[in-house]
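Trainee: Below are the chains, spelled out letter by letter.
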Amino acid sequence: MTASEETSPVTGGEKASPVSGGEEASPVTGGEEASPASGGEQIGPASGANGNGPVASNGELRLEVHDLQVLRIPSRGRGASDVLDEVSFHVQPGQVLGLVGESGSGKTTMALALLGHVRRGLVIGNGKIVVNGQDILRMTKRDLQRLRGRQVAYVPQDPSSALNPTLKVGTQLREVLASYEGDQKRRAERLTEMLAEVGLSSVPGILNKYPHQLSGGQQQRVGLAMAFACRPQLIVLDEPTTGLDVTTQRRVLETIRELCQSYQVAAVYISHDLAVVAEIADHVAVMYAGRLAEVGPAREVFDTPAHPYSRGLLRAVPSLDRSHVLTGLAGHPPRPGSRPPGCFFQPRCEFALPECELGQPPLVQVSAAGHSARCIRAEEVAGLASPAGPAAVQPASATAEAMLLDVRGLSATYGPATVLHELTLSVPQQQCVAVVGMSGSGKTTLARCLVGLHPTWTGEVEFEGEPLAKGFGRRSDKQLRRIQYVSQNPYQSLNPRRTVGEIVEQPLTHFEKLPANERHARVVDALTAAALRESFLDLYPDQLSGGERQRVAIARALILQPDLLVCDEITSALDVSVQAAIIELLRGLRAERGLSLIFITHNLPLVRSIADQVVVMNGGRICESGTVAQVLQDPRDAYTAQLLADVPKMAPVGEA
Amino acid sequence: MASSAALAVLQSAGRGRARRREWAAVLGRAVRTPRGATGLSIVGIVVLIAAIGPALTPYSSTQFVTAPFANPSGTFLLGADVLGRDVLSRTLDGGWVLLLMAAVATLLGVVGGAICGVCAAYFGGHWDTLIMRIVDIVLAFPQLVFALLLVSVLGPKIWLIVLAVGISHAPQVARVTRAAALDVCERDFVRAAQILGMPARRVLRREVLPNLTSVLMVELGLRLTYSILVIAGLSFLGFGLQPPAASWGLMINENRIGLVANPWGVLAPTLLIAALTIGMNTLTDAVARASLGVGRQADDALLSGISAAGAVQ
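Keeping their order, the protein sequence lines are chains D and G. Read in order, the letters of the first sequence are residues 26 to 681 in the working numbering. Read in order, the letters of the second sequence are residues 2 to 314 in the working numbering.
Keep in mind that the hints were calculated from the coordinates and are not lab data. Each hint can be trusted.
Far from chain G, some chain D residues (derived; all Cβ distances over 10 Å):
hint	residue
1	E89
2	T165
3	A203
4	R324
5	V350
6	P387
7	H446
8	A546
9	S560
10	G644
11	C648
12	Q667
Only part of the chain G face toward chain D is listed, based on derived beta-carbon distances under 7 Å:
hint	residue
13	F190
14	L197
15	N212
Glycine included, C-beta positions come from ideal geometry on N, C-alpha and C.
With the hints as extra help, turn the sequences into a complete structure.
Mentor: Printed below as a string of structure tokens:
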């Protein structure tokens, strides 16, 4: 399902009356020089029937983006401003360009622009996007439609919502091929070929299955098969592995890599996960506030980042090999229209000089290999030592023998199915136990059992020597107060109709009758502990960023001064830089408040930076447990070893 | 006029910094669109006529002042009705009871229905089955027939009509609310409140209901339209205000035999009822659209789905 049926190509039709599906179809808004008349030599129904016919006149570059600018159409209450500007890069056939940056830096806008599409309310200002010698911004609507899916393919982030749930996989794949070649027999051949290419031919009866019958990894493979079906020239991948666990991710990445190389497809891979980009990309472009902060060969950018922003991002990535203090970037990317004067990164930059406020820095060439950065101190920054932070020391556990939580033989059922088998684990006082495993291994069910949301389990769970009832309804107030839960998705865990103050104070008003000023003091205290300011009290969740929301959720859990915090994948929806800040926050809280943690994650390197002990789960069973150093360095279980091998690694960052 | 005054109030409420009132914000956004402004103006005019009309009647609405079906003239602007009463006076006087009844019936139906729907969604299991099957049974009766049945058995009492119409609304409101609440009840913030051991009443009031505001607003508008039609219909059939009192529905019935002689006896109340329902519908449609745009860009598909649903009714 590529974007081939999108409506008006370049304008998003502003806030036009929603009834009109998109009948105003001027190809380029502000379209002075629209129409096929200009730039005539490049226009033409993109070669014959099959898109892979070599049109390539200048075969060197598959994709060339030149000075691209995307603007926001001014409307009531906000002026015109650029979303993207001065973006230039190029990709050669068979190569992968990684596009990285925090959320809000303009990555997805860039991805859609490569398909000649912009979101509602945006318009492409000027610049060129040349795919295989043709400037797609000067194409007519028809040609653009022809281009999408055949020459430029798109793989969206969430495969489960990109596939039509009511159609069989086979039907959807054939649909894509319908525009490929006329011959029935050739198409059937191509179909089997496609399945083999993405490694799906071993799944029995795959063509007759519906998307929901496939796993997340298989769904994403179907998405890839569709994208590669017509042998595109360029493929745009928008965080295609974000929702997948490491093993699946590794396989999908390998598939992408192989396909790109064997068909000489140029790929743009968008991700906020630097480790993944390091694994797959040949070149990297770091995006910040709609500008490219840094471009260059992947190895160089990761080893000797020349822009302070890239450096900051790299420092936030946890490493599997050593436990280091993760440093998040303070603040968040400025939004279009409210960007600071001078260099956009200067307010967050540790290298900022007074000159930085004066004007936009130019792209400075750092090395001959095409490595350049938009920073006046680029040379200097590139010369600095590796950005990895200092080693992290886990807060010493006072009495390692005293167990806070003891789980013995816990088995949980979900309807007729048993999803957890005889789990035994314990959480010592003031320690952090990480629970890791692939999706579907039962991690979340375990968390839900412990907090009382999943009452159908057997076995014994003791909290401070007292048995814990199965459902939260049967637990004592004391137990309810002392075990708190922070859930995965900060966009769902806060009531959108309540202010931050009301959300945080809610547990307190339920358990204690306090005078207003005392209650206020407690709320402020909890907010401060979660590194939020008092000024957040009157804000609503939709005015907060993802990281801030998660902090509010943490503050809500902290206000009752619990002993055990159960954190269920609390950073999986967040950017690396935000994740780093949250992890550091939790580490600080452990030391300050003597908090014990159960930290559930699929991110193994993260375990290194936060946990003392680790429990590895597979298929509802514990396959290995022990101290972090022991399990991660010397895994006894084959499954753990596999898991470790699959983690995308940044490769040893050049020390010094 | 009235609508612009209301607009100003709503706008200021929508901008209120300290306490964000969802309903006011949505309504404010809705009436700022052409569609919403049109709807509100039409409704405003009709409501104004019905509300202050009784004070402006040139003659008593029950007095025989001229010949039956007299044509409009300088003294009797809309002519006379079947018994020689002034049509203008009866029109001005005959709306407020209808509106009041419709409003109370709607409120009754929406509140009752919402409670049932939310409880069904939240408690689930047997409660869900029980509540929804009762709803199905009530739904099996057409609305007008259900009201007629109650009224013809127990007599044409005003409170009974209001109650009957209210009850006939409840099941449909319950269905819609349950569907919306099912989604909200699954969210993590509801779980977070639950695992603190909060009583269900509090969770529902604090966490679930505020997130159903816009759904309930649309329901309220839609049901109000139906209420007006059903109550006017019952009044036409002779259930409702009894003669000689003036009532729009009753007027249509009384005067239809003189449609040729003096059409205004039928036309005036008909036009007002039509304007009221069309205006209410337009306003509701605008509210539905505005409620989707809360905070972020509205999804096109969702929008067209909603407007299609609006078109169906």
